[in-house]
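Produce the complete structure using the sequences and hints provided.
If you're matching them up, the sequences are chains Y and U in order. Okay, so the first sequence: first residue is 1 according to the working numbering, each after it adds one. Okay, so the second sequence: first residue is 159 according to the working numbering, each after it adds one.
Please note that a few of the clues may not be correct.
The calculated DSS-like cross-link candidates involving lysine-lysine, where the alpha carbons are at most 25 Å apart (straight line), are [as the list claims (entries may be wrong)]:
hint, chain 1, residue 1, chain 2, residue 2
1, Y, K57, U, K167
2, U, K164, Y, K57
3, U, K202, Y, K151
Because the hints were derived from the structure by calculation, they are not lab data. These figures come from a predicted structure and were not determined experimentally.
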Amino acid sequence: MTALAPAVPYVMAGAQLFAGAAQARAERQAGLARQREYEQQAALTELKGRQEALAYKQKGVDILANLNETLAAIIARASKGAGDATSGSTVTFAQAQMASGITESNTAADNATLAIEQAGRQASIYREAGRTAAETAYIQGTGTLFNAVIKAGQLLPG
Amino acid sequence: MALLPKYQKTGIRVRQASSMDFAAERERQRQSGVISQQLERMGKFAFERGAEMAERRGQERVREQGAVATLEQMQERGGVPFTIEQKAAYEAANRVAVVEIETAARSDMRELITQADQSNMSMAQFNEKMSDIRDGYSASLQLVDPVAAGVLSARLQEDSATFDSRYSEIVTRKAKAAWAANTEIALNEGVQTVVDTALREGVTAKEIKAAGEKLRTTALTRGVNEKKAQKLVDKAVNAALRENLIYRFNEAAGIKERQALLAELEQSDTFAGMNYEGSFNFKSKLANAIDREIENGRNSYIAEAENAQIVMSHTGQFPEGFDAASEDAEVFFEGDEETLELINRSLEYSQQDAVTYGTIATMSPEEVVNAQSAMAEDLEEAKARGESGAEIQALTKRLNDFQNVLSDRADRIDADPALYVIQTNKEAALAANKTIQALGAGDIEAVGEHLKALSIELNDAYDSIGVSPIGRKIMSKSMAASMVTAIQRINTDFEVAVIKQVQDSLGPIAPQFIHEMRSAGLQNEYYEALQLDDVATHTLLATIAPIDIATITPKTTEKTVVDDKIEELTDNYYIASVRGRGEVTVNDLDNQMEVVKKLAYYFVNEGADPVKAAESAVTKVIPQYNNVATLDGGKNGQFVVPKNLNADRMQLFAAGILKPSKLEELGVVALDVSIAGTEEDQRISYLSLAKNGVWLNNDMGDGVVLHYAIDDRTLIQATYEDGSAVDIKFKDLPTVSGPQRTTVQKIIDPVKLAIPGATTAAQIISGAVSGGTATPLGKGSAREQAEIQTSKANQISTLLEPMFKSDQGTQVQQNEYRGYLMTWMQDPSRASDDVLSYEDWLKTQE
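Printed below as a string of structure tokens:
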């Protein structure tokens, strides 16, 4: 044992350096994992936006279908009862109803666009966060490694 | 009009915008939060580190500038700290300054105590200085923050009080010690005065007691109570009275006076301050001291008298300071007057004998014999006259003392003959002194001159006292050792030149000088160098002298080649040199061969071929190695001829002498029958000598000596009628072999020299009777023969010793015994234990 005593400081310094390097690597990997998580969140958010936009488009279709049915009924009733179904108050009335329908249809279309844009924006934020997390892990790992080098240096003899 | 159907409205309305999830904004907020959090964390970290560094800088500033200096600087700049650095510096400076100031203050206070202690400062002065210190440091408190200043002030007060208290204790203790010391000194001096009073000539007990009374007054004045003062006075007076007794005893004029004092003391049973037992022991101690003094004096007188006798015998004078008529002697020998009488008569005899027979130091062997005989006759006559026992005892002692002195002389001559002469001969001592002085002054020429003068004095003395030529030295051992030390201290290259210079100035005694130098430690290389003339070889030998041979010995194969070559070259030289010579010569030759080997090894080390190295070494060290003369295959001799002479011519000259007519013309005598044990007449002797005579080198190697070959292995020197050996120098050989006879160096007949007192007999005999072989021997046999002869010669010395001391037998018988020993020595078939002692030999003569 006595013969090995001079080597002990070097062994301890090596262990310190090794532990520091391992810690730095773990921190770096944790950062990368975090980045991947953000990437997946971004993809999911984009998917959700597209689903929401699709729902708004379906709503617009339904509105237009409802409007068509309403306009058809107006025309039919007008023809059957009193007058010309394509002139006078009936037309005005039909136009009024069409305006309401078109407005709602446009609203649905706008909502779909909004949903896509907001999801894209959120996905972009998540990707930015992922890169920042990876960078942070790199900085933290470098600091940890530097600290380990200093500590190992302090353990050396002489 | 009929009613028309109306459009039924569905009631659809414009779609209202649903609520938005602003996730991006939320994430941006979160991001900003995270960035903020991270920036905050980094900022906090940067701030904390910055704050820490600022604190550290602040503390560093205190460390660099010092706490007090930092505070002073901050005060100059407005006082209140704002930045973290300033705050940190302020806090650290405050903490440190408090400790710094307190430490400095405590140090000053401690130093003040030391100074005060050393200078014996008064308490008031100490308090004043302590107050100065305290005030000075208090002034510096305005720098620190109020809380720290308060703490520091309190601590300084406490420290000040502690040091005040400590110095107060020191002052008090000193005062007490001073008083006690003064009292003790005064009383000790008083006691000493009383004791000193007792050690004056003629002082009385009354005066001693009066001195005691003065001591009492002093003690009372110093505050000692009455009882203690009285005790002190009694002790001092009693001690003084005892001292007075011992003083009187020691100062008494002599033993008689001491004995009188002891007798006086015996009248009293007790002495002042002592009980009966103490007094008894005191008297016993004095009585024992007198007995010891008598005993010591007696022993000392006997030793001095004996020494005086020896000195008188040697020099004719008593030693300086010796009083032969000492009055104390009577006391020493009271009750044993006979011993004193014997000593005095011995002293008188030694004086008379010195006058009658001369001094031992200059007495010749004949004079010694005459003196000894005369003393023995005096003894015999006294016995015949029926003289008293004391007279007989005195004469016996006289004879014994004389023999003891002779023995002492013999021992001293044997140990160091030159020293003996120098110690007993003024002229020799003067010459020796001058030699040493010249050596000390570095005057080499004068050394040689003084050595020559010393040699003359020594030889005169040697002639007088009968020291054999071989036993003669021209320097004492210590002189030779000093000479070697002084010369070897000289630079190596110059050593040989210096010795050579001394040698040259010595002339004929040069060989003896160099031989003695070697005995005193001169290295073999120098010894050999001095035998040579070649300066280059001198330098070479001086160079190898300090080298250990082990460090230059070549590997085994080369060493074997070198050794074999040296042996091959020097074989004839070695055999010729060792033949007929003693162990000393063999040792000399071995030493010479070692030098040759060492030089050859040195050459090999220097890269020379082993064979050439051996040849070069032999040629340089022994230039005469191949100049050997061999007569009739060695039967008539073998000798080494100096390099400058022709060996063949010398061989012819020597052979030319071996003719009966020539031998007769030269006056060579026939063998001494008592020595040789033969009865050949002169004619037969000449014929024998002409046929079997052997020429061998003389001791100095500058000539040849003729020998009789009395059997196959024993040689005896041939002599002229005057007893001198037939020793012919090479330079004389051509002339002697012609019609004219030229003689030659004489040596003294060994038998005549072997007389009482000459304990160098072994040397005389071994030198004079050049034992050896008639036919050439190998190295091993030559060495063995030399060892046998040396051993026998040493044994003869031991055998002669009892004869010198014995009073048995006549002079004629003593001479015959010596002849018997010579015959035994020359007979190679006789072993060492095959010889009789003098006493046993005498029995065979009855």
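Checked hints:
About 16 Å separates the Cα atoms of Y/K57 and U/K167, which keeps this hinted pair within 25 Å; it holds. Restraint check: the Cα-Cα separation between U/K164 and Y/K57 comes to about 23 Å, which is no more than 25 Å; the hinted pair holds. Only pairs whose Cα atoms come within 25 Å are accepted, and U/K202 paired with Y/K151 is accepted, the gap being roughly 14 Å.
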